[in-house]
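A.B. asks: One-letter residues, chain by chain:
There are 2 protein chains.
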Amino acid sequence: MPETSAVSCSAIPRPTLERLPRYLNYLRTRRAEGCEQTSSSAIAQDLKLTAIQVRKDLAYVGSGKPRTGHSVSELIDQLESFLGYDDAKDAVLVGAGHLGQALLAYHGFADYGLNILAAFDTDEALAGQRIHGKPIFAADRLIHLTARLGAPLGIITVPAKYAQDVCDQLVSAGVCGILNFAPVHLTVPDNVLVRNVDIAAQMALLSSSLRELHIKRDS
Amino acid sequence: MPETSAVSCSAIPRPTLERLPRYLNYLRTRRAEGCEQTSSSAIAQDLKLTAIQVRKDLAYVGSGKPRTGHSVSELIDQLESFLGYDDAKDAVLVGAGHLGQALLAYHGFADYGLNILAAFDTDEALAGQRIHGKPIFAADRLIHLTARLGAPLGIITVPAKYAQDVCDQLVSAGVCGILNFAPVHLTVPDNVLVRNVDIAAQMALLSSSLRELHIKRDS
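Chains as they are written, first to last, in the numbering used here: chain V, 1 to 219; chain E, 1 to 219.
You may find that some hints are simply not true.
[Stated by the list, open to error] Capping the alpha-carbon separation at 30 Å, the derived lysine-lysine pairs in BS3-like fashion look like this:
1) E:Lys-56 x V:Lys-134
2) V:Lys-48 x E:Lys-134
3) E:Lys-134 x E:Lys-161
4) E:Lys-56 x V:Lys-56
5) V:Lys-161 x E:Lys-161
6) V:Lys-161 x V:Lys-134
7) E:Lys-134 x V:Lys-56
8) V:Lys-134 x E:Lys-48
9) E:Lys-48 x V:Lys-56
10) E:Lys-56 x V:Lys-48
Since the hints were derived computationally from the structure, they do not count as laboratory data.
Source: prediction; values computed, not measured.
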């Protein structure tokens, strides 16, 4: 249930925006398999979408040759460029616990032009250390250092009860985009975007979708 | 961009389903603040939705008293019950690297009735150990043990290039719901659901939404 706040930020419909990384992952997989050309119908079939939907979605990223097919590599380039994967983006992370440390170790961010500059934690034993190459600072330096670093993005991996306070600090430090892993609703000003990644809720949605599927089949 | 495959599994519209955990987190936050009664309009305002949307969404979980307001606790109970958080659900995890270990440590799953029974990894040094209380087994025991445990859910936290193979093994062991953290498109039979949690893509979507927002403001 990743969600941006309801600030209207683009002409592109949100469901389309949400599907773009899925197209990108799919096309990278196909390219790795040696596939050079594809079509909206082929993409639609593999991703269980309709060809019309795929054509409409890809038209937003400037790709409009439905009848002659698509070059897989060109389509990947267009998607990467549209999603801004070729611009570096700096972030700070707050909460260097298990999940926070896993994100500090995650090489996937670099592939998308994203860079975690530093992390903050209330655990004084962590301050001054480097974890997976990233410096960890005491939590009371969060606002000052984040403002000085000029990071536009913040990642929140603290327990739910601290998340709003951390969010407020990030906002006052000038952060305007927040990726929130805490299972809590964050209140932010209108010029700040929040995306929620509630991992346990994803599992619960999967589980409840399965149950509905089985009820439907059994009935 | 978490996505279930396109199997139609319920009469509830997917955007509604995706919003339900968000309502739940919001209401839990409000309850912790001492709030006992709320209304669709109040929820809509705080979550930047429309009141009509909120009313429609909540009607799916059996809550339909828009004019007299809602008991916050009752609404939480209805949402938890609807989402199946009161049924325990068993999972196995494949890939006990940084992210996998962070998920093994994550207490949030238990709050949602989810339980990771065991993890698997190709690193022989890990096999036989317990990490955060969960047993780790060698990867070559994945199919046999998962089938024996009867786990309906699988969590994939292996590198992208191994994800499809792991997915195939989970499916052959009888898993019918997969939470996939690898940034890759997985092909599954129609009776298996996949939800993708591509963390780096979430950051990229946040970043690109911010850019669009700023372009719009500057123009």
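A.B. asks: A separate judgement is required for each hint: does it hold in the structure or not?
C.D. replies: Quick rundown of the hints versus the structure:
Taking the CA atoms of Lys-56 of chain E and Lys-134 of chain V, the gap is about 45 Å. The hint is violated against a cut of 30 Å. Note on Lys-48 of chain V and Lys-134 of chain E: the hinted pairing is violated, with a Cα-Cα distance of about 35 Å set against a maximum of 30 Å. Of the pairs offered as hints, the one joining Lys-134 of chain E and Lys-161 of chain E holds, with about 25 Å between alpha carbons and a cut-off of 30 Å not exceeded. Of the pairs offered as hints, the one joining Lys-56 of chain E and Lys-56 of chain V holds, with about 28 Å between alpha carbons and a cut-off of 30 Å not exceeded.
The hinted pair formed by Lys-161 of chain V and Lys-161 of chain E fails the criterion: a straight-line CA distance of about 37 Å is larger than 30 Å. The suggested pairing of Lys-161 of chain V with Lys-134 of chain V holds, with an alpha-carbon distance near 25 Å, which does not exceed 30 Å. Between the alpha carbons of Lys-134 of chain E and Lys-56 of chain V the distance comes to roughly 45 Å, so the proposed pair goes past 30 Å and is violated. Taken as a hint, the Lys-134 of chain V and Lys-48 of chain E pair is broken in the structure, with Cα atoms around 35 Å apart against an allowance of 30 Å.
Under the criterion of a C-alpha separation no larger than 30 Å, the hint pairing Lys-48 of chain E with Lys-56 of chain V is consistent with the structure, at around 27 Å. This hinted pair checks out: Lys-56 of chain E and Lys-48 of chain V have alpha carbons roughly 27 Å apart, not beyond 30 Å.
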